[in-house]
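*Asks:* Please work from the sequences and hints to get the whole structure.
Keeping their order, the protein sequence lines are chains L and H.
Quick note: the first sequence, position 302, residue 301 per numbering that gives the first Met the number 0, numbers continuous.
Quick note: the second sequence, position 318, residue 317 per numbering that gives the first Met the number 0, numbers continuous.
If you're looking for bench data, these hints aren't it; they were derived computationally from the structure.
One should not assume that every hint holds.
Straight-line distance between alpha carbons at most 25 Å, and here's what the computed SDA-like set of lysine to any residue pairs gives [what the hints assert, rightly or not]:
hint, chain 1, residue 1, chain 2, residue 2
1, H, K171, L, F181
2, L, K367, H, L125
3, L, K326, L, P313
4, H, K120, L, K367
5, L, K124, H, K235
6, L, K120, H, I164
2 protein chains.
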Amino acid sequence: MVSDDFIVTPWHVQGEIDYDKLIKRFGTQKISDQLSERIKKIAGDDHFMLRRQIFFSHRDMNKILDEYEKGNKFFLYTGRGPSGHTHIGHLIPWVFAKWLQDKFDVNMYFQLTDDEKFFSKQNLKLEETKKFAFENALDFIALGFKSKNTKIIIDTENIQMLYPIAAEVAKKINFSNIKAVFGFTNDTNIGMIFYTSLQSAPCFIEEKPVLIPLGVDQDPHFRLTRDVAPRIGKPKPALIHNIMMPSLEGPGGKMSASEENTTIYTTDTPEVVKKKINKYAFSGGQPDVAQHRKLGGNPDIDVSYQYLKIFFEPDDMALKKIYDDYKSGKMITGELKAILIEKINDFLKDHQKKREKAREQIDKFLFKDS
Amino acid sequence: MVSDDFIVTPWHVQGEIDYDKLIKRFGTQKISDQLSERIKKIAGDDHFMLRRQIFFSHRDMNKILDEYEKGNKFFLYTGRGPSGHTHIGHLIPWVFAKWLQDKFDVNMYFQLTDDEKFFSKQNLKLEETKKFAFENALDFIALGFKSKNTKIIIDTENIQMLYPIAAEVAKKINFSNIKAVFGFTNDTNIGMIFYTSLQSAPCFIEEKPVLIPLGVDQDPHFRLTRDVAPRIGKPKPALIHNIMMPSLEGPGGKMSASEENTTIYTTDTPEVVKKKINKYAFSGGQPDVAQHRKLGGNPDIDVSYQYLKIFFEPDDMALKKIYDDYKSGKMITGELKAILIEKINDFLKDHQKKREKAREQIDKFLFKDS
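*Replies:* Structure, rendered in structure tokens:
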């Protein structure tokens, strides 16, 4: 891997991602100021993730808005591969989806792909990924979704509904397509080869166009879906992509649910959060306080600052002050970390309460075959 | 294709099949006289399809009998790819399965793979293959199965039960395996690539070994299943293979449901049967009656005689008389065809009555998820 190289696939993210390059590589569109303004205008509100280009790229977002302005609603769809507990990075598209749902008053589907994680992780059993699916669903519900317009799909539980749609998609995709898009080989198991058609299926669950807020690593699946859609008489899914939450250990790779120490889980205790941030969060500061005061820190590579920017400090003024103080050397790394720890733990205290409450609500959210 | 060459895959049978060569090619076992005797002894009865080597090959049939003699029952499983109406050739393993079920008092599962035929036939819609699945189920029920120990599985209807089992299988099969066994290429659609794991699934529906009576063209699927079974902690399926029903047009290829004129459907009227046999049934007779009387016919290549042998004349004495009379020239082709036409139409008259009655019974047979 050369220094400027990076890998982004649905199952593997590695290296420091150059998002402008990624846009070119994937063939998506950058979210222009104009598009950002347009969303803001139609939504009647702004979202810091849009303002800060946490959502940075899209496919056909303008089409979705054109139709919406004509009175033709879309629906929302996103999901999660339940290989372990939810981490903070997973919440980005869910939080943004909730905002979109509130502003545009549309239906939402959330897919938990227990089969995918079973196929892709050698050591995981199907019962385990299914158990995590239910655990992850709690995090989703805790964000405030309402069961009246939001349904949770679990692949092995809802295969009766998904499979006939997936079959239509699967008939139009061959192994060459799969190799080209995912880099699969002759050693790839046939569950993984088929799986993408199940991730496509929820795109066609309603007779409306779909908008998918998602981590950009999932884009390849929907590139295939977009090729297939017109061939089965369906609208192409529109996408809006967020950047990957960096690992605590810093630039290069997304936060991964399988590497415990470099990841903040929604189930972490305040002590664990404190320890992880203090011990592992990559710092943009100087080797010692004296130098830091003199030279200042680099918030642009500091993971604690990135976490505040991406998720935990929605207030632009407050964020700017942290940026400036850290850069000037007025704020040292310990202080920056303390701010983040407090923000995370405040968030998790509330989230974990809602998460437990969600255990009683989950049944209403589960997609039921008619 | 050289003259002695032939192709046998689950989706394509071509050429004149040399069944001894096929046994070597597939790596199965010939049914020896000894095994045939053993089955007869344990069953307490004989079946003409076994006696005449219509069932000619097997895998692990002795193991099934060993366990049965120890008091450990097996269960039966066979199926059909519903690409059209049922033809006579499809009935061979079903009739034999019914006999096995009666003699061994075991459960039976019948799988209708509507998804497979959708994936493999460019021009068929899923609604069409599903419609044919229900039509084919009527033929199966008409053979006298009882709903108390027999269940019908339709892939798209029972995917909720099948998929988790198929997923266990799929995780253990890669594209190299699929290429080697089925000759698939990079152009094969991912539905087809995944499908074999769904044909494996019913093998593991009960915690007992399974015995599968089936056309030998389906063997490749279960070669894969047999490789996978021990790796998921399950017993290998045992198989007992029948030869393919020849096309009306004669040696070379099996009867195909997609070539109307060379196939007798269970839904054909007596007039249609008469016309098809008289017009298309390949004859082993001489060019004219005078020569036939003098030289005699060749029953071994005569399709009408083969149909009697394989399905329509269970009485060995009666069959032998036809053989001898045709061979000596005493019986001419028109007479032989007339015998077959009468046999088929007698069978179909009764079958079609039972087939209509099955419409009211089908619901009791359908596998219901608990």
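*Asks:* Work down the list of hints and note, for each, if the structure agrees.
*Replies:* Hints, verified against the model:
The suggested pairing of K171(H) with F181(L) holds, with an alpha-carbon distance near 19 Å, which does not exceed 25 Å. For a cut-off of 25 Å, the pair hint linking K367(L) to L125(H) stands: about 22 Å separates their Cα positions. Proximity of K326(L) to P313(L) is assessed by CA-CA distance (about 19 Å); at most 25 Å being required, the pair is judged to hold. Straight-line distance between C-alpha atoms of K120(H) and K367(L) comes to about 31 Å, which puts the hinted pair past the 25 Å bound.
Annotation: proposed proximity of K124(L) to K235(H) holds, straight-line Cα distance about 21 Å (limit 25 Å). Proximity of K120(L) to I164(H) is assessed by CA-CA distance (about 17 Å); at most 25 Å being required, the pair is judged to hold.
Violated hint for the displayed structure: number 4, the only one.
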